[in-house]
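K.L.:
Fit chain P to the supplied structure of chain B, relying on the hints for placement.
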Amino acid sequence: MIIIGELINASRKEIGTAIEAQDVNTVQQVAKDQSDAGANYIDVNAGIFVGKEPQYLEWLVQTVQEVTDTPCAIDSPDPIAVEAALKVHKGTAMINSISLEKERYDNLMPVLAGTDLKVIALCMSDGGMPETVDDRLKIADKLVNGLVQNKVKVENIFVDPLVQPMSVNNDFGMEFVVAVEQIMERFEGIHTACGLSNISYGLPARKFMNRTFMSMAICRGLDGAIVNPLDKGMMASIIAAEALAGRDDYCVNYLKGYRAGMLA
Amino acid sequence: MAVKDIAEAVVVMDRVKVVELVKTEIAAGTEIDEILNAGLIDAMDIVGQKFSDGSLFVPEMLMAAKAMKAGLEELKPHLSAGAAVSRGTVIIGTVKGDLHDIGKNLVALMMEGAGMDVVDLGVDIDAEKFVKAAIEHNAGVVALSALLTTTMPTMETIVAAIKEAGIAVKTIIGGAPVTAAFADQIGADGFSADAPGAVELTRKLLAA
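Sequence lines, in order, name chains B and P.
In this text, residue positions in the first sequence follow our numbering: the first is 1, and each later residue adds one.
In this text, residue positions in the second sequence follow our numbering: the first is 1001, and each later residue adds one.
Pulled out of the complex, with its shape left as it was, chain B reads as follows (with noise of 0.2 angstroms):
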């Protein structure tokens, strides 16, 4: 599973003043335990600020990179801010995230056109969210053959098939995992990712739920996770449901964490 640990986000109150107050130790504090349990790429968000997202989040990238060699996931729709995070980043860093809405498309391809850059590959499009399976998989066909055509490789892309809160509509959690695993089917060597809290929007123990669900996506298929690292409830959901599909060859990561203390 490849988790992108999602804490590092100006719009948390949190990291949004210690941005702000350029306050190291925070944001290097939160990197750190982040990395430390198992994100392979830390995202940064500073997308409250307007007009100085470019500059903020160059800082976060070379913050972050100061503690840590796990690569960052660029979470920004404006290409002149990913530029700025990219020029200073080391290493192959994620882009979060291209879609189908076409300012954001046309945006971001020019700069992922071409490069061994990671991209999150967002179902949405101009004509509104998807809501039934084969609504994602014509986002996800146009998106994925876009990217190809601009020389994104396919084990580069992360389909995010876009997660709607089941309160409102009973068939949401099932047309996500069905679009999970026939994307998986569709494109060899793609991965899929999410962040999947959305799907527990209106309920209580939302926790729960989440868990619960990522179960379900990753039985289908689901590679990757925008999620907390440092909720220890989801990261042995996710430890044991790998395990589970069958993607853990002789347990040997369940075992790993259960020896580390992380399935307690």
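Simulated from the structure, these hints should not be mistaken for lab results.
In this text, all values refer to a predicted model and were calculated from it rather than measured experimentally.
Heads up, some of the hints might be wrong.
Distance condition first, Cα-Cα at most 27 angstroms in a straight line; then the derived DSSO-like pairs of lysine-lysine [to be verified]:
id, chain 1, residue 1, chain 2, residue 2
1, B, Lys138, P, Lys1096
2, B, Lys102, P, Lys1096
3, B, Lys153, B, Lys87
4, B, Lys142, P, Lys1096
5, B, Lys207, P, Lys1050
6, B, Lys52, P, Lys1096
Some chain B residues judged to face chain P by a derived CB distance under 8 angstroms, without partners named [to be verified]:
id, residue
7, Ala21
8, Val24
9, Gly47
10, Met124
11, Gly128
12, Pro165
13, Gly202
The beta-carbon is built from N, C-alpha and C at its ideal position, and this holds for glycine as well.
P.N.:
Positioned in the frame of chain B, the structure of chain P alone reads:
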């Protein structure tokens, strides 16, 4: 007393019972206005309160609204002469560049439940469309939704355009990244963090 039973049936989300009780009250000659207000609309206020205090959740709010609407359908044929029930008209939509509609839909639903006429423009709506709809429908309130930090500045543009158009309409804003401070900053007339709060706020603004 039986009108209160209708409200109770809405609150426990029993659509079949709501319809049955509304039919009974109509047959018994109860004032249509009373069935509507004390039976259906008051019930949605209670539902809204329960949602705000965390004892009801989104799917339950949807079920209650469905039960309420089923009751309203029964009343409609009787609502003709003089029984104009609207408490004012609200134009609602998600702002240009933003396609999120779930929160906006919940707010629209709750406003309808509170007896307001709601014109839902949908998502990705620019200033011109909001202004046009506000004039066309003689609206009392325009409600703007945005879920992205990147589309919040668009709210400012739209609020400014509405003011510039010189129409007597109040503007309210909401959505995950939106705050009361932001509402003040862009000169909107109000902000709410949740759907029932938006209904309450709109009620006040329409009455003012």
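K.L.:
Starting from lysine 207 of chain B, check that the Cα of lysine 1050 of chain P is at most 27 angstroms away, please.
P.N.:
holds, 22 angstroms
K.L.:
Is the shortest C-beta separation between glycine 128 of chain B and chain P less than 8 angstroms?
P.N.:
holds, 5 angstroms
K.L.:
Hold the hint about alanine 21 of chain B up to the distance rule: shortest CB distance to chain P must be less than 8 angstroms.
P.N.:
violated, 19 angstroms
K.L.:
Are methionine 124 of chain B and chain P close enough, Cβ to Cβ, to be under 8 angstroms, as the hint says?
P.N.:
holds, 7 angstroms
K.L.:
Measure nothing beyond the straight line between the CA atoms of lysine 102 of chain B and lysine 1096 of chain P; if it is 27 angstroms or shorter, mark the hint as holding.
P.N.:
Measuring from Cα to Cα gives roughly 13 angstroms; hence the hint holds.
K.L.:
Holds or violated: the hint that proline 165 of chain B contacts chain P, with Cβ atoms closer than 8 angstroms.
P.N.:
holds, 6 angstroms
K.L.:
Would the stated hint for glycine 47 of chain B survive a check requiring a Cβ distance to chain P of less than 8 angstroms?
P.N.:
With a closest approach of 5 angstroms, the glycine 47 of chain B hint holds.
K.L.:
Would the hint linking lysine 153 of chain B and lysine 87 of chain B be met if the CA-CA limit is 27 angstroms?
P.N.:
Answer holds: lysine 153 of chain B to lysine 87 of chain B is near 21 angstroms, not above 27 angstroms.
K.L.:
Between the alpha carbons of lysine 142 of chain B and lysine 1096 of chain P, is the straight-line distance 27 angstroms or under?
P.N.:
holds, 23 angstroms
K.L.:
Quick one, are lysine 138 of chain B and lysine 1096 of chain P close enough, alpha carbons at most 27 angstroms?
P.N.:
Distance of about 23 angstroms is within 27 angstroms: holds.
K.L.:
Could you check if glycine 202 of chain B really has its C-beta closer than 8 angstroms to a C-beta on chain P?
P.N.:
It holds, given that the least Cβ distance between glycine 202 of chain B and chain P is near 3 angstroms, below 8 angstroms.
K.L.:
Using 8 angstroms as the Cβ threshold, decide whether valine 24 of chain B counts as touching chain P.
P.N.:
violated, 23 angstroms
Going down the numbered hints, you'll see the structure goes against 7, 8, while the others check out.
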